[in-house]
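Here is what each chain is made of, one letter per residue.
Protein chains: 2
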Amino acid sequence: MERSVFFISDGTAITAEVVGHSVLSQFPLTTALYTLPFVESETRARAVREQINALYQQSGVRPLVFYSIVTPAVRHIIEESAGFCQDVVQALVGPLQQELGIAPDPVAHRTHGLTATNLSKYDARITAIDYTLAHDDGISLRNLDQAQIILLGVSRCGKTPTSLYLAMQYGIRAANYPFIADDMDNLSLPAALKAHQPKLFGLTIDPERLAAIRDERLSDSRYASLRQCRMEINEVESLFRNNNIRYLNSTNHSVEEIAAKIMDVLGMSRRMY
Amino acid sequence: MERSVFFISDGTAITAEVVGHSVLSQFPLTTALYTLPFVESETRARAVREQINALYQQSGVRPLVFYSIVTPAVRHIIEESAGFCQDVVQALVGPLQQELGIAPDPVAHRTHGLTATNLSKYDARITAIDYTLAHDDGISLRNLDQAQIILLGVSRCGKTPTSLYLAMQYGIRAANYPFIADDMDNLSLPAALKAHQPKLFGLTIDPERLAAIRDERLSDSRYASLRQCRMEINEVESLFRNNNIRYLNSTNHSVEEIAAKIMDVLGMSRRMY
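Line by line, the protein sequences are chains A and B. Counting from 223, one number per residue, gives the positions in the first sequence under this note's numbering. Counting from 223, one number per residue, gives the positions in the second sequence under this note's numbering.
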């Protein structure tokens, strides 16, 4: 039986979603998900409460509600709904208040909002995205001294999404460089990259998965053939080993996992946005 | 006095970070942050415990620990540390178990991991990133029928980061189109865009902030002059109003907020990754 699940917040609802998904992932449930951000007024909160109650009446099953709302009057309206309501943040605030001996001072949106104090950090994020776009797919090998990470790998192994994620979520200036079919006869590490050995990180992927991904793009091509994919992966993994470049197989990992692993292996500290 | 804060997980630690930051944002604290992902073995957990204990001994102040670890033996090692430890997920799992009448079945990494069931959803995400890169900054007005959102605005108002965030976090195929200085004499909506009116969304920004951003890129230029920025913003906001294009001022908002607001206004449901 399907459960309706609501993620509700007076901000972006990202926190409610992340926590809610973590909690739900522990239960074998079929769910219908509703994310409702910016529930800031009592009027909107009442409309949301009616939506929850209507779903309960239709289905006879209590919707699950993961919420985080700062303004008490708005929060109480949601808590009065027929849903099974869990505040994703407050459960931890009380105990922490005891430990710190400081009263909490909640301000809506703070978690993912822009303030005078995080504006320069935020500019760094935008700068990182600009840098990463300008250094995607080997577009430019200039200014690599400004890169914090340089990803290497064959076409379609996950370099671009990983670079963009590193820039977006961690403010990391991530360049990436592809090894293409024409390089394979005599594969070597370009001198421009060799100079930045400590920043280099390789991505590899199972040839079968690579062939499937490439086939989506250019079906029945040599580029997408399993034989070609196997050869390229073999060559590039040898290059990684011969040049002491740390690398990771991306096949069974999400962009989040790959990015977190790279930061961890390279010993880089994460900035949150 | 500075507090050391640890975010610890046997996965990416994203959940621990997001919840921890939400909780911490309610207290006026100066913090030194340590994110430790992939704490999967008892050996690594013991090393982390020693790190926490050493910081406590040095400073005399208990480090704060936000953690989420599935394997009990690993978790217990962290819980034995001298830190003030808060499990960011379990507090909600118990009550939910009662409500559902189902026992939880925890599996490490599930939240941000790749499995057979979410692989096609994951492919959709990568496809969205590819699409968005190919349709960034008006590069191509072809295949706009495949776009789910088309962002409009002047140069440096936030179109590119917002488009990439929509693709990365929500799997949305987001195109964007810039209005440039040469367009301003006789500004009108290109026919290729007009055909997609329901998908159009405008971004605007305060001229002062725009001038500051542009000055970073090309200082003391006409492009970055306050006069030019004011004129462009005036023209583009008029165009938005005349064409009934919904728009948002990005000045005081993070990419997360802008993206969440656009999805909300356009009535699009969010997919999580």
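If you are wondering where the hints come from, they were derived from the structure by calculation, not from laboratory data. Hints may contain errors.
To be verified - Quick list of simulated restraints, FRET-style, between CB atoms:
| # | chain 1 | residue 1 | chain 2 | residue 2 | range |
| --- | --- | --- | --- | --- | --- |
| 1 | A | S410 | B | Y344 | 40 to 46 Å |
| 2 | A | M406 | B | L251 | 51 to 57 Å |
| 3 | B | D407 | A | R452 | 52 to 58 Å |
| 4 | B | A414 | A | A356 | 47 to 53 Å |
| 5 | B | E430 | A | S410 | 47 to 53 Å |
| 6 | B | D327 | A | N466 | 50 to 56 Å |
From the three backbone atoms N, C-alpha and C, an ideal C-beta is built for every residue, glycine too.
Verification of the hints:
1. A/S410 / B/Y344: 40 to 46 Å: Because 33 Å falls outside the window, the suggested range is violated.
2. A/M406 / B/L251: 51 to 57 Å: Taking Cβ atoms as reference, A/M406 and B/L251 lie about 53 Å apart, which means the hint holds.
3. B/D407 / A/R452: 52 to 58 Å: holds, 57 Å
4. B/A414 / A/A356: 47 to 53 Å: violated, 26 Å
5. B/E430 / A/S410: 47 to 53 Å: For A/S410 against B/E430, whose Cβ atoms are near 50 Å apart, the range 47 to 53 Å holds.
6. B/D327 / A/N466: 50 to 56 Å: For A/N466 against B/D327, whose Cβ atoms are near 41 Å apart, the range 50 to 56 Å is violated.
Violated hints for the displayed structure, listed by number in ascending order: 1, 4, 6.
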